[in-house]
Amino acid sequence: MVVMNTQRRNQNEKLLADLNDIQKKKQQIGERLSGMEDKNEKNIGIKKHDKIEVNDKIANTWDKITNERILTLDPRVQGPATEFINRVEKELGIQLRITTAYRSCEEQDKLYWQSRTKPPAGPRVTGAMAGESYHNYSRAIDVVIMKDGTCIWDIVGKAIVKIAKELGFKWGGDWKDDPDYPHFEMSLGKTTEQLHNEYLEKIKK
Amino acid sequence: MRSISPLIIMFCIHIVAKADNSTTNAFKLIDSTDINDKKKINKIKDDIIIIDKTNKRYQKMAKKILGHSSEGGIIIFYYDKKIAKKIVFNVCGEMGRCIDKYYLNDNQTLMAIKSEDIDYDRPFYIKGFEIKLKELRTYYFIDEIPVYIVDKNSPNFTKDTDQLIKYLEEHIYPLHEIIEMFNNPEAEILPNEEIPAELLQND
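Protein chains in written order, with the working numbering: chain X, 1 to 205; chain D, 206 to 408.
Isolated chain D (complex conformation) (with noise of 0.2 Å):
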């Protein structure tokens, strides 16, 4: 195991204790057709896209995370002033990966989460593969209660509320799972030049 350095246990003790203010227990969801509620979201998509187009400018710090899938994952915290501002998730399987992008308010809460799932038809190690399916949702968070909005990169997925309520439940890491996560002492910082080109680029 490397050394850690004292800058990065800062880091690590700041987002812990920022952990129990933006702890999500679970996914509810409102009607999103306010007039009000479109505001919100309108100022969270302009949020997002500063913090995507500033991101290089903000501290990273990646760790590999084990035991989440078969083949591995990496989460990226992206600092700003040393408060989180972005969090990338990515784990990989034998039969696709996915990448979530957890946005978060200055107060440490979130305010929307970027999923891509990205399906092979048949496992990577058979010659041959290919992409089968590849999906981006966006998830609002409105008073960090989920907000979902259909929109042409996912127009045949449920409109239901039950169902997309047990469908963030099983696919999507909240918040303090994540951060747990990232805090595991046995997770392995991983040095900036190993970080994949592809978790880097902005959607």
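Excised from the complex, chain X in its bound form (with noise of 0.2 Å):
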């Protein structure tokens, strides 16, 4: 068991390391996101994603923060994520804000880990590695009420939920046991298993 982990933790730094990389040949892509974070979200930890296209109809939101993570989303979720947030203002007269798309494989990896050193560095709050979680991949997102720029953590109502269905989401809300109303994600047609696997085989070779 012991040399298992061992194993674990050196694959773990050569999944971070491929990361870094990652993340600086992105960052030398493009510089449009830096900035972003608003007071209150500070730790949400946004990191720079592959630079797209951008058309009219790609993050055109109410709210400048919501449009800057929709950036962030793998292409395919761009155009869904944005077309929820606009129907859901047009239709509801509700404003949502996106508060997380694309997590780095490096926080998720922080945030796992955090609670399992002794003592722990911080709660538990999550029991995904790098790489398995959605918003690894760019295919979730987070939202939240926003009312004269206040957040209100309140559950989704059923006709956002139906709004987000129809282009294609799966609500966090529908998980028996610990339901997480503010998430919804695409999987295109992906599970988190076989996107970890994928991406271990890429860092094998």
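A couple of the hints might just be wrong.
To be verified - Here are the simulated EDC-like cross-link-like pairs (lysine to aspartate or glutamate), alpha carbons at most 16 Å apart as the crow flies: (1) X:Lys176 to D:Glu375; (2) X:Lys176 to D:Glu321; (3) D:Lys332 to X:Glu89; (4) D:Lys269 to D:Glu399; (5) X:Lys118 to D:Glu399; (6) X:Lys158 to X:Glu89.
Stated by the list, open to error - Stretch by stretch, here's where chain D covers chain X in the computed footprint (C-beta under 8 Å, at least three residues): (7) 128 to 138; (8) 174 to 180; (9) 191 to 200.
FYI, nobody ran anything at the bench for these hints, they're computed from the structure.
The C-beta atom is built at its ideal place from N, Cα and C for all residues, glycine as well.
With the hints in hand, could you dock these two chains into one complex?
Here's what the structure looks like:
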């Protein structure tokens, strides 16, 4: 078990090194996402993502912060995410903000290990390591209702969920034992296990 | 994917074989005011104490569970001489986490589920998040039929039978589904060192 654990840590270190390279390359490609975190959400940890072609239908919501976060999503998710925010505002009169879209593997690992040190460096908040969350693949968003510039952390209503599902999102509120009401994701045909295994294979090569 | 030892495969086969006998297809509720039921429940409470007291010497096997929450989870099986005695099911989300503990009889049927729900006031990645609500509920099983007793941990929880059944169906995985998740070949075995201390503690 100890050997397995060491192998696991070594594997993680390789993953992190690779990810750091990717992050550096992304930073060289574009700097447009810098300084976009607002005062209330400094710890969200937004990272730069692929530079993509932006047209007037993508990332054109009411909220600048949301627009920037949409651009961190997989290109196939950007359109539905934009439409989701805009339709909720137009049809229901509710303004949503995306609080998290892409989360780096580095940050995911940091969150995973913070409660597993002795003594713990932080609270236990996740059971997912790097590459085990759809957020790591830019395929998930979390939303919050905004009212008068304040985040309202209530459960999103059925009408909001209905619009998201029409656009192809799976809702975290449907999970049985621990529903995650702000969470919406698109698998794009792959489970997190499959994505994770593919990623590990790539690293091995 | 790391290799799986023959011992672990043996455990998996054992549990698959037992799953057919321990399936609870639907939750029902019976009147727990009956004195015989009370005696049975007291016996279950004693058995739970024994399991919790001795589980340090049980053999553990843990697997990661993905796809049932946004932040992953863990299932831990505790074995006493190859017989599963206790199963801990934990999933994490951005707005909270839950820990369900399934206690099993020697014949591998359910005798109780302790269910703990922890809700945050905002997602964990927002600075300053706090635990908003922490609830612990215990469901006892008499002849595989769940019996819920309102206790000090959740005095405001429903006493309505229909609501309770609906709640259980929506929030608690039946044992056979937990076993299916555990036996999923894609579920990765988690080294014991990586099992969070919170999941190894007794109530």
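Cross-check of the supplied hints:
Distance restraint check for Lys176 of chain X and Glu375 of chain D: the Cα-Cα separation of roughly 6 Å lies within the 16 Å cut-off, and the hinted pair is therefore satisfied. Restraint check for Lys176 of chain X and Glu321 of chain D: the C-alpha separation of about 14 Å stays at or below 16 Å, so the hint holds. This hinted pair does not check out: Lys332 of chain D and Glu89 of chain X have alpha carbons roughly 27 Å apart, beyond 16 Å. Of the pairs offered as hints, the one joining Lys269 of chain D and Glu399 of chain D holds, with about 10 Å between alpha carbons and a cut-off of 16 Å not exceeded.
For the suggested pair Lys118 of chain X and Glu399 of chain D, the alpha carbons sit about 12 Å apart, so the restraint of at most 16 Å is met. For the given pair, Lys158 of chain X sits about 14 Å from Glu89 of chain X by alpha-carbon distance, which is consistent with the 16 Å threshold. For the region 128 to 138 of chain X, the stated coverage by chain D holds: 6 residues have a C-beta nearer than 8 Å to a C-beta of that chain, and at least 3 were required. Chain D is given as covering the region 174 to 180 of chain X, and this holds because 6 residues of the stretch bring a CB closer than 8 Å to a CB of that chain, at least three being needed.
Given a C-beta distance limit of less than 8 Å, the hint that chain D covers the region 191 to 200 of chain X holds, as 5 residues qualify and 3 suffice.
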